[in-house]
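Asker: Just so you know, the protein sequences line up as chains A and B, in that order. The opening residue of the first sequence carries number 81 in our numbering; numbering runs sequentially from there. The opening residue of the second sequence carries number 620 in our numbering; numbering runs sequentially from there.
Worth flagging that the hints you see were computed from the coordinates, not collected in a lab. In this text, a Cβ means the ideal position worked out from N, Cα and C, and glycines have one as well. Be a bit skeptical, because a hint or two may be false.
Said to hold, decoys possible - Derived, one-sided and incomplete: chain A residues facing chain B with beta-carbon distance under 10 Å:
| # | residue |
| --- | --- |
| 1 | TYR111 |
| 2 | ASN112 |
| 3 | GLN114 |
| 4 | GLN118 |
| 5 | LYS122 |
| 6 | THR125 |
| 7 | LEU129 |
| 8 | GLN131 |
| 9 | LEU169 |
| 10 | ALA171 |
| 11 | SER175 |
| 12 | GLY176 |
| 13 | SER177 |
| 14 | LEU179 |
| 15 | PHE181 |
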Amino acid sequence: KQEVTQIPAALSVPEGENLVLNCSFTDSAIYNLQWFRQDPGKGLTSLLLIQSSQREQTSGRLNASLDKSSGRSTLYIAASQPGDSATYLCAEETSGSRLTFGEGTQLTVNP
Amino acid sequence: KAGVTQTPRYLIKTRGQQVTLSCSPISGHRSVSWYQQTPGQGLQFLFEYFSETQRNKGNFPGRFSGRQFSNSRSEMNVSTLELGDSALYLCASSFSAKGNGYTFGSGTRLTVV
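In isolation and in its complexed conformation, chain B is listed as follows:
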């Protein structure tokens, strides 16, 4: 059974650019959520999608956005990159969230220079 797949694994971008990260959940899972991990702030929730609808959003600026497709794959986009956006971005997959537990991918390491 395939796990949660995140692509790419590593990215280097320049300030002001935009970036798109991809996440393919476990087959049959309809909930995909995104987290940012930094040494200073730890793991912080970005947003969660279920059946193509954003159900919950964390406290991040509007430069961070996401979407989910009909096959449950999800993308997140960060526009006008800042140095502080350098982080490990993790995607989590769940059958429906709300008590079913989460499986995480290996993450995308984004470095903004």
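The following block holds chain A by itself, in its conformation from the complex:
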């Protein structure tokens, strides 16, 4: 059974801090690993997509890495801002055209 685990479940940091969110998965035969952001009551916003042949992707202050051998992905957020407060979800896509999601990390950035 595929499992995706995210650590920590919640994180509270002061504005300006750099932070790392962790995601681990059990199935190494992935097509891709995708990071999403979800604001309360809203849908999912895609942040970064790392395909299986890639090791990392960057967008602005965000950097995501993928290590298939260890079954881990990290999302690095530089110089955090209050607007970054949200729940961050990682999801792996394996065979079957479906995403398996972690439980998410709830991030609060305090001004």
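Start from chain A and add chain B according to the hints.
Answerer: Coordinates of chain B only, in the frame set by chain A:
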């Protein structure tokens, strides 16, 4: 470029009724998948359609069904609603899935009373 459009945004239904939710994918995307999000279970996969064919189905009872039309728009139907069906239903669109990534809509919030 229009995103993924889900209608309606909110629904309130009574136990035993049925409901139909709609999803219009990004133009050119042929894969549409559906997910249920609840506080207790998180995000769970319902099913995925590609070119009008269901390619994959999650572990949900037969009361949950879906279909996809020739223009790639998709609908999901839930019959004989139960209180536990209250959730945020999310639709995701992909060019072909399998490595191309997914774009999600804003969701339909279903409340069963």
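Asker: Which of the numbered hints are not met once you compare them with the structure shown?
Answerer: none
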